[in-house]
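Protein chains in written order, with numbering that gives the first Met the number 0: chain A, 0 to 363; chain B, 0 to 243.
Hints in this document: simulated from the structure, not taken from any laboratory. As the structure is a computational prediction, the values presented were derived from the model and not from experiment. From the three backbone atoms N, C-alpha and C, an ideal C-beta is built for every residue, glycine too. Be aware that a few hints might be false.
Calculated from the model, a selection of chain B residues having no Cβ within reach of chain A, i.e. all distances over 12 Å [as the list claims (entries may be wrong)]:
(1) Asp138
(2) Ala142
(3) Glu152
Pairs of lysine-lysine residues, derived as DSSO-like cross-links and limited to a Cα-Cα distance of at most 30 Å, are as follows [what the hints assert, rightly or not]:
(4) B/Lys146 x B/Lys226
(5) B/Lys185 x B/Lys200
(6) A/Lys325 x A/Lys239
(7) B/Lys191 x B/Lys11
(8) A/Lys210 x B/Lys200
(9) B/Lys191 x B/Lys226
(10) A/Lys202 x A/Lys169
(11) A/Lys210 x B/Lys11
(12) B/Lys188 x B/Lys5
(13) B/Lys200 x A/Lys202
(14) B/Lys85 x B/Lys185
(15) B/Lys187 x B/Lys200
(16) A/Lys169 x A/Lys193
(17) A/Lys210 x B/Lys85
(18) B/Lys85 x B/Lys191
(19) A/Lys237 x A/Lys193
(20) B/Lys85 x A/Lys169
(21) B/Lys234 x B/Lys185
(22) A/Lys202 x B/Lys11
(23) B/Lys185 x B/Lys226
(24) B/Lys188 x A/Lys210
(25) A/Lys192 x A/Lys202
(26) A/Lys210 x B/Lys191
(27) B/Lys242 x B/Lys185
(28) B/Lys85 x B/Lys200
(29) B/Lys5 x A/Lys210
(30) A/Lys325 x A/Lys283
(31) B/Lys234 x B/Lys188
(32) A/Lys202 x A/Lys243
(33) A/Lys210 x B/Lys187
(34) B/Lys85 x B/Lys11
(35) B/Lys1 x B/Lys188
(36) B/Lys187 x B/Lys11
(37) A/Lys210 x B/Lys185
(38) B/Lys85 x A/Lys202
(39) B/Lys191 x B/Lys1
Chain residues, written in single-letter form:
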Amino acid sequence: MVEKGQISIGTEERVLMCGNEALAEAAILAGCDAYFGYPITPQNEIPAYMSRRMPEEGRVFVQSESELAAINMVFGASATGKRAMTSSSSPGISLMQEGMSFLAGAELPAVVVNVMRGGPGLGNIAPSQSDYFQATRGGGHGDYRTIVFGPSSVQEMADCISLAFELADKYLMTAMILADGFLGQMMEPVVLKKRPSVELPPKDWALTGAKDREQNIVRSLWLGEGVLEDLNFKLDDKYKQIQKNEVLCEEYEVDDAEIVVVAYGVAARIVSGAVTRAREEGIKVGWIRPITLWPFPTEQISKAADEFRLFLTVEMSTGQMVEDVKLAVAGKSPVVFYGRPGGGVPTVEEILDKIRQLTLGAKT
Amino acid sequence: MKTVFKRTPTLKDCPTHYCPGCGHGIAHRLIAEVIDELGIRGSTIGIAPVGCAVLEYDYIDVDMIEVAHGRAPAVATGMKRTNPDKIIFSYQGDGDLASIGAGEILHAGHRGEQITVIFINNAVFGMTGGQMAPTTMADQITATTPKGRNVAEEGYPLCVSELLAVLPGVSYIERCALSTTPNIRKAKKALKHAFEQQRNKAPGLSLVELLSTCPTYWRMSPADATKWIDNEMTKVFPLGRLKG
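Chain B extracted, bound-state conformation (with noise of 0.2 Å):
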């Protein structure tokens, strides 16, 4: 018997604690294959997040660090500025980036830091019970506008990629979706040129924002989370590459 898919190596063989249908295990396995791919992960250090995937390290086989909420880009630059030949990626959701962390985010990207940083987007705070995060979608019901995202009063959902991407110092960004197989397939080839840009030493940052799944806290299946995903997300959020 041929085999056609088989698990990457730096993905570890263990079952995760996301939920059914959570976008962060596709994430994972995305990273996982392409360290595996450009035969990184004895030079590659990555940073958890706050948040539901602040124990990546228990399914990603490389050297990794927890760190402060947000905080993680500011982490990423002691690492790079100390280790100019290791890969530094950091991985951070919607809360930890586009809001608690929206100044280290600006700033290592303002200074060009040679860092790669994913960030998923899923417009909400997942493990604090599903609030509204920045990204979270106009009328968009959550924990903590129980009413709907009131843009009025509450802002509109914040499209940090677009932000930075005027910044000199951000050298690729792209935005793809863990919703369909050819847009999975685009986000690990996205993914890879990021990666690809650090090993290279192409100045600057590389960022890669991946619209990804909530099921729980969208109160959708998973089928119809991926489709929210592609028939409304991408509307305040459109796919692509925004910049390299």
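So here's chain A without its partners, still in its complex pose (with noise of 0.2 Å):
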């Protein structure tokens, strides 16, 4: 069992904040040069803070004409060596996937903050999990990936963030947090902590301008012949790299578990009480949370699957990443999904009563 909270980063000064004002600070603490953004429910609590503390800061705070200007803004920034990022939901991260492509082919970092809200199309403001496909299959054209993290509380909305800086610097790629509206609304105590710092390669790419030095130049358009394909497996080395040391993932109580539910985010949060529940009655279950969504916990989930039992994946949503859980566990075991979209939040009842029906399917 993975220790909880693993990607803590201390235990000092408890603070109660919301989430989005969390991964704000955060981001202040992990060295964001420049915040780009427009405004869309429900994570408007994030340029409203930033709008504060980055001047505050002596630093860079943009409300942009839109998601598409952000993204470019975020582009910009960070081709000068700059750490940036911007925050959006659902509909604006759509606009944003025209710079997310340009910021991979182009291997600069980045730091984009999704807190999702129900779709598609306007859909609602309530709190949902459907982006999942969109954030780990790279989202915009071209054969790409970004990291994407998944946290479940306050505190990791601010320790996901503080790595995304950290591992975009090191892997040059798009790190997204892919929270839900109801982590960004929501308030917890929170420590806020910087990470210790680590060696990250140098930045010599950046343009600054070519004072004493040849001409720095950045770029995805290759033209000649076999070049886009070479950036292209250089890139899914990158990933493959990132697939084996990057993976965060926590589970609770697998050892003897019948039953293991696979959920992440706020949902991950409703399936651990339930669990709890389902312990005191005798049912032998227990559960895996993602906590990057790519790179996928696959080797976990299929260690998991190595003995018979049934997997129960719980999602906002109407089943996305119960297909990459079906990916892990290839055949081995059975899978079954329980979702609730379009801003359905699933209850612990519900969830206890999933697990409970799943027993007496074992037993029949």
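Take the two lone chains and join them into the complex the hints point to.
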């Protein structure tokens, strides 16, 4: 079992904050030089907080004219070697996909926060987990990935964003926080602390003016025969390294479990409550909570599936992460799904009932 | 023998991929000369557009970035806000700036971003094969207006510089033409002024619109193309300083 809160960065002074504000302050602590964003619910606390705090720190805040502009401002700031971020919610993140593809092609670091709401279309402003596919499959055009974190507490909102800045710089790519309206809005005690500094590759590619050196060029257009193919293979190698080195997940009472519930984000919080209650009823059930959604904890789930167990995936969607769970389980055990889309949030009772049904099903 | 003209160092010593008679080569040289004359190569960052000039970094020897179609003013904003001491310029065609990037240039001007924009207006989309641009002239035949631009259905040529000139955040706008030698000399003066504005931290955005040739998609000889700028384009896009 992995210890809960394994990516926590300290336990000193606890403050009560909502997820969006904790994330914003943690980004400042992580050395974010510039924030660019456009208003959209349910993440408006982030730009509001940044508009006050960034100038206090002598850093940059710009309210952009659109999400398209916001992500391209991030692109520009990042190309000069600065740490830059944006945040939005589902429809706005769709607009940002063009820029995220260019960030991937140009190999620039960036941090993007998606506080998900219900979709498709304008959907609603209730919490949802329906952008999992978009986030974990790249999202924009071309052959690329982004690192995706699925925090499940206000503390993790803060912890994940500091790690996101670090990994974005380490691998020169976008790291995304995939939260939801619940996590953004709810208040919890949180400890805000700097991550210990690690050695990162120098940004000698940054555009700083070609003073006493040859010009630097940041580009994603490669017309020569085979050149882009080489770049795609290079990116793929990088993504494989990330899959090997950067997976984060948490497990609870999986060892003797007959049923394993897989959930992330706020859904995992509800699952945790249901599993505790089921254990009290004597049901042998545990859970696995991916913290990184890409790279996905495929190995951890596959290992759990080596013994015959029932896997239940719970999401606030009609079933997206469940496909990754099935890929990991690879037919070794049955995988069932329970989801509430369109802003629906499952209750502990609902999930508990589902677990009880599975127990009956397993016996018959 | 006395040297009366030579390549300026910031212009790379290589042939360009541009068509014979294209205005991009002239515009590149003028920018490189201005950068060298102002001595700002070491602090300048350029933004290449999507369009024929996407490979501009192969010709102008400064730090450069290639960005999505139309988004250069947003990218420039991100660069300038985080690097107020650097000189940031974008180089954008009429499809890039006046069509898909109309929102970005409007708002960069609206915010008064202290950047320099070089706007190449050749009245067509060049790289994609000569389609209608917002700046295409009335009745002009293009790949997507085979009977000529019908203003009743396709709109009149869009005068972006005039639109931007009304914004308080825009401090300097001038329209020049890469047609005759006197016009090219005026264009260089305008470019120099635009870069000086930024170097001197004059508040606001500076933009130079350059009427430029596209002989290939105008289906004209280079000589006729330069005449067409002076005789036809300047009627819709009058030359001169619009602001500042």
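Each hint tested on the structure:
1. Asp138: Since the minimum Cβ distance to chain A is about 33 Å, B/Asp138 lies beyond 12 Å and the statement holds.
2. Ala142: 22 Å, holds
3. Glu152: 28 Å, holds
4. B/Lys146 x B/Lys226: Between B/Lys146 and B/Lys226 the Cα gap is close to 22 Å, so the pair holds against 30 Å.
5. B/Lys185 x B/Lys200: 23 Å, holds
6. A/Lys325 x A/Lys239: 20 Å, holds
7. B/Lys191 x B/Lys11: 19 Å, holds
8. A/Lys210 x B/Lys200: 20 Å, holds
9. B/Lys191 x B/Lys226: Given that 30 Å is the threshold and the Cα spacing comes to 25 Å, the pair holds.
10. A/Lys202 x A/Lys169: Distance ~10 Å between A/Lys202 and A/Lys169 Cα, so the pair holds.
11. A/Lys210 x B/Lys11: Within the cut-off at roughly 16 Å; holds.
12. B/Lys188 x B/Lys5: Given that 30 Å is the threshold and the Cα spacing comes to 18 Å, the pair holds.
13. B/Lys200 x A/Lys202: 27 Å, holds
14. B/Lys85 x B/Lys185: 25 Å, holds
15. B/Lys187 x B/Lys200: OK: B/Lys187 and B/Lys200 at ~20 Å, within 30 Å.
16. A/Lys169 x A/Lys193: Holds: A/Lys169 and A/Lys193 sit about 17 Å apart, inside 30 Å.
17. A/Lys210 x B/Lys85: Distance of about 11 Å is within 30 Å: holds.
18. B/Lys85 x B/Lys191: 16 Å, holds
19. A/Lys237 x A/Lys193: This hinted pair holds, its Cα atoms lying about 26 Å apart.
20. B/Lys85 x A/Lys169: 26 Å, holds
21. B/Lys234 x B/Lys185: Satisfied, since the Cα-Cα distance of roughly 18 Å is no more than 30 Å.
22. A/Lys202 x B/Lys11: Measuring from Cα to Cα gives roughly 25 Å; hence the hint holds.
23. B/Lys185 x B/Lys226: 17 Å, holds
24. B/Lys188 x A/Lys210: Status holds; Cα separation ~25 Å.
25. A/Lys192 x A/Lys202: 25 Å, holds
26. A/Lys210 x B/Lys191: 20 Å, holds
27. B/Lys242 x B/Lys185: 15 Å, holds
28. B/Lys85 x B/Lys200: 10 Å, holds
29. B/Lys5 x A/Lys210: 22 Å, holds
30. A/Lys325 x A/Lys283: 21 Å, holds
31. B/Lys234 x B/Lys188: 22 Å, holds
32. A/Lys202 x A/Lys243: Roughly 24 Å between the alpha carbons, so the hint for A/Lys202 and A/Lys243 holds.
33. A/Lys210 x B/Lys187: At roughly 24 Å apart (the allowed maximum being 30 Å), B/Lys187 and A/Lys210 satisfy the hint.
34. B/Lys85 x B/Lys11: With Cα atoms ~22 Å apart, B/Lys85 and B/Lys11 stay inside 30 Å; holds.
35. B/Lys1 x B/Lys188: Distance of about 25 Å is within 30 Å: holds.
36. B/Lys187 x B/Lys11: 18 Å, holds
37. A/Lys210 x B/Lys185: 29 Å, holds
38. B/Lys85 x A/Lys202: 17 Å, holds
39. B/Lys191 x B/Lys1: Within the cut-off at roughly 26 Å; holds.
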